[in-house]
Amino acid sequence: MTWAVEAKGVGKVFGGEAEAVEALRDIDLAFSPGDFVSLIGPSGCGKSTLLRLIGDLSAPTSGDLTVNGKSPEQARLDRDYGIVFQSATLLDWRTVKKNVELPLEIMGFDTAERSSRANEMLELVQLGEFGDHYPWQLSGGMQQRVAIARALAFKPSLLLMDEPFGALDEMTRELMQQEVLQLWAEIGTTVVFVTHSIPEAVFLSTRVLVMSPRPGRITDEISIDLSAKRDEETREDVRYYELVTEVREALRRGEWND
Amino acid sequence: MTDRDDVIRETHETSVAAAFEGDLPIGTRKPSAIRRLSGRYLPAVVAFVTVILLWEGLTRAFEVKTFILPKPSEIMASFVETSSTIWGVGLNTFIEAAGGFVIGVTLAVATSLAAARWVGFREGMLPLAIALNATPIAALAPIFNNWFGLTNPFSKMGVVAVVVYFPVMINTTRGLLEVDPAEIELMRSIAATETELMRRVRIPNALPYFFASLKVATALSLIAAIIAEYFGGPQDVLGQYIVNRAQLFQFPDAWAAILVASIIGVTFYVVILVFERIFMPWHVSLRKVE
Numbered sequence: 001m002t003w004a005v006e007a008k009g010v011g012k013v014f015g016g017e018a019e020a021v022e023a024l025r026d027i028d029l030a031f032s033p034g035d036f037v038s039l040i041g042p043s044g045c046g047k048s049t050l051l052r053l054i055g056d057l058s059a060p061t062s063g064d065l066t067v068n069g070k071s072p073e074q075a076r077l078d079r080d081y082g083i084v085f086q087s088a089t090l091l092d093w094r095t096v097k098k099n100v101e102l103p104l105e106i107m108g109f110d111t112a113e114r115s116s117r118a119n120e121m122l123e124l125v126q127l128g129e130f131g132d133h134y135p136w137q138l139s140g141g142m143q144q145r146v147a148i149a150r151a152l153a154f155k156p157s158l159l160l161m162d163e164p165f166g167a168l169d170e171m172t173r174e175l176m177q178q179e180v181l182q183l184w185a186e187i188g189t190t191v192v193f194v195t196h197s198i199p200e201a202v203f204l205s206t207r208v209l210v211m212s213p214r215p216g217r218i219t220d221e222i223s224i225d226l227s228a229k230r231d232e233e234t235r236e237d238v239r240y241y242e243l244v245t246e247v248r249e250a251l252r253r254g255e256w257n258d
Numbered sequence: 001m002t003d004r005d006d007v008i009r010e011t012h013e014t015s016v017a018a019a020f021e022g023d024l025p026i027g028t029r030k031p032s033a034i035r036r037l038s039g040r041y042l043p044a045v046v047a048f049v050t051v052i053l054l055w056e057g058l059t060r061a062f063e064v065k066t067f068i069l070p071k072p073s074e075i076m077a078s079f080v081e082t083s084s085t086i087w088g089v090g091l092n093t094f095i096e097a098a099g100g101f102v103i104g105v106t107l108a109v110a111t112s113l114a115a116a117r118w119v120g121f122r123e124g125m126l127p128l129a130i131a132l133n134a135t136p137i138a139a140l141a142p143i144f145n146n147w148f149g150l151t152n153p154f155s156k157m158g159v160v161a162v163v164v165y166f167p168v169m170i171n172t173t174r175g176l177l178e179v180d181p182a183e184i185e186l187m188r189s190i191a192a193t194e195t196e197l198m199r200r201v202r203i204p205n206a207l208p209y210f211f212a213s214l215k216v217a218t219a220l221s222l223i224a225a226i227i228a229e230y231f232g233g234p235q236d237v238l239g240q241y242i243v244n245r246a247q248l249f250q251f252p253d254a255w256a257a258i259l260v261a262s263i264i265g266v267t268f269y270v271v272i273l274v275f276e277r278i279f280m281p282w283h284v285s286l287r288k289v290e
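Protein chains in written order, with our numbering: chain A, 1 to 258; chain B, 1 to 290.
Do not take every clue at face value.
Result set (EDC-like, lysine to aspartate or glutamate): computed pairs, CA atoms no more than 20 Å apart in a straight line [stated by the list, open to error]:
no., chain 1, residue 1, chain 2, residue 2
1, A, K98, B, E185
2, A, K155, A, E221
3, A, K98, B, D180
4, A, K155, A, E186
5, A, K155, A, D78
6, A, K98, B, E183
7, A, K98, B, E196
8, A, K155, B, D180
9, A, K155, A, E179
Derived Cβ-Cβ restraints for the label pairs, each shown as a range [what the hints assert, rightly or not]:
no., chain 1, residue 1, chain 2, residue 2, range
10, A, V13, B, F154, 55 to 63 Å
11, B, R188, A, D110, 22 to 30 Å
12, B, F154, A, G16, 51 to 59 Å
13, A, G16, B, P181, 54 to 62 Å
14, B, I143, A, Q74, 55 to 63 Å
15, B, V119, A, E255, 38 to 46 Å
16, A, V21, B, A219, 48 to 56 Å
17, A, Q74, B, F154, 49 to 57 Å
18, A, S116, B, V51, 55 to 63 Å
19, B, I278, A, R248, 27 to 35 Å
Simulated from the structure, these hints should not be mistaken for laboratory data. From a predicted model like this one, the values you see are computed outputs, not experimental measurements. We put the CB at the ideal spot given by N, CA and C, even for glycine.
Hey, can you work out the whole structure from these sequences and the hints?
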């Protein structure tokens, strides 16, 4: 089997020799296709950096990293992944629908195909009626849903999400988590999700990787054995609480090791 | 008035207008539209009329000599009397200004696109351009007259083009370069080429900067054209007309010509405003609050 993402001894050092900052050290990991993996850790633990290495927005300084058995660059050129940032990053001059169509335009889909795919994606994120709106007419949560629709419009095998709900209020956040799970169940893509919210990581993931700073490394891995179907009741499940506690303790251990 | 004031004004007026529209049959919607427009422009009209009345009143009350400051009524009389001459003269100056404007803007956009596309070009050219921009360009007018010949309209258009070039080039370049880094990464993540990044992100991002600089450039182009005309050349242009009338102590005629220059300037500005609204519908919509 080809791993969706595989890293062996991956490290990342920023800056020159004099003021070098070691952002990541000795990262080993392997994600199976269809995994929902959360990277969690305090600020500065390199979780976003790791996501950026996987997405070829930055290159590792040591080790081997492959995405779908290819170099991250090749995976990017093959359009293997969609990305969602903390800010929705929608283009102001495009309507919601045209924003979702952007990757499809770049990939050379014809007009009819673009339109039908964009409509389909907007239905999936429950924004079917908002295609002709401009981004500024939407709330933060709705904008982020457009960003997710855009990232999934070309059905990438990997979805990279960098604290996508970090700027949203708690209520919206929980709704969005529910929606992402539904999308994931429907589309079946592998998701790498960066967060610093423990409940969010536990609720969403099949696996949680706990990271520690200085230098950034993976200190624990917790497999989330909640049932596949997750809803509001999951948040009150005893096992859910146990797992939240487990992740919290793993994060503390990481801090103490420092 | 700032954009924010505009928004507040429009929200308020929209809700007032909507309240009226709801109660009235469709045919009677017009009054609310007129009310909305008059509400918006009334302060400007009042200010304008007040200034004219004060000008007229004070020049009469203090018996200000015509050669120092003519009364608005004298200027208007001259404006009507000489209209067949001054509009022709104004048109000649406008042709110089518009010709130079088109040349300057075209060169500026070409430079900006090259600067945004090639780092080497940008690093080599921009400091030079900024240094040149600090030169008072009107000083070039006699040299352009020498190059192109006193009577060749290109001598004036050249000055206008150089004056217009810098603000448009500097602002447009900034608009092309000051793109949200996340937008660039987004384009990179879907393996977009540099050309696609330019077309779909950088150019739309630069349009507000570009149009803002064009609006400044409309006024600059007329200033540059008239100043260039002061240095000599054909007589049937605003600069020479104003100089000649002033030398003959026909000051109301000179002021009437200045009024023509001002009307041309405002019209030029409005034309650019219309283009801005056509090319950036999203930008205008930003100002409307639902």
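Hint by hint, here is what the structure shows:
| no. | hint | result |
| --- | --- | --- |
| 1 | A:K98 x B:E185 | holds (18 Å) |
| 2 | A:K155 x A:E221 | violated (28 Å) |
| 3 | A:K98 x B:D180 | holds (18 Å) |
| 4 | A:K155 x A:E186 | holds (11 Å) |
| 5 | A:K155 x A:D78 | holds (12 Å) |
| 6 | A:K98 x B:E183 | holds (15 Å) |
| 7 | A:K98 x B:E196 | holds (15 Å) |
| 8 | A:K155 x B:D180 | violated (25 Å) |
| 9 | A:K155 x A:E179 | holds (17 Å) |
| 10 | A:V13 x B:F154: 55 to 63 Å | holds (59 Å) |
| 11 | B:R188 x A:D110: 22 to 30 Å | holds (24 Å) |
| 12 | B:F154 x A:G16: 51 to 59 Å | holds (53 Å) |
| 13 | A:G16 x B:P181: 54 to 62 Å | violated (22 Å) |
| 14 | B:I143 x A:Q74: 55 to 63 Å | holds (57 Å) |
| 15 | B:V119 x A:E255: 38 to 46 Å | holds (42 Å) |
| 16 | A:V21 x B:A219: 48 to 56 Å | holds (50 Å) |
| 17 | A:Q74 x B:F154: 49 to 57 Å | holds (55 Å) |
| 18 | A:S116 x B:V51: 55 to 63 Å | holds (60 Å) |
| 19 | B:I278 x A:R248: 27 to 35 Å | violated (57 Å) |
Of the hints listed earlier, those the structure fails to meet are numbers 2, 8, 13 and 19, in rising order.
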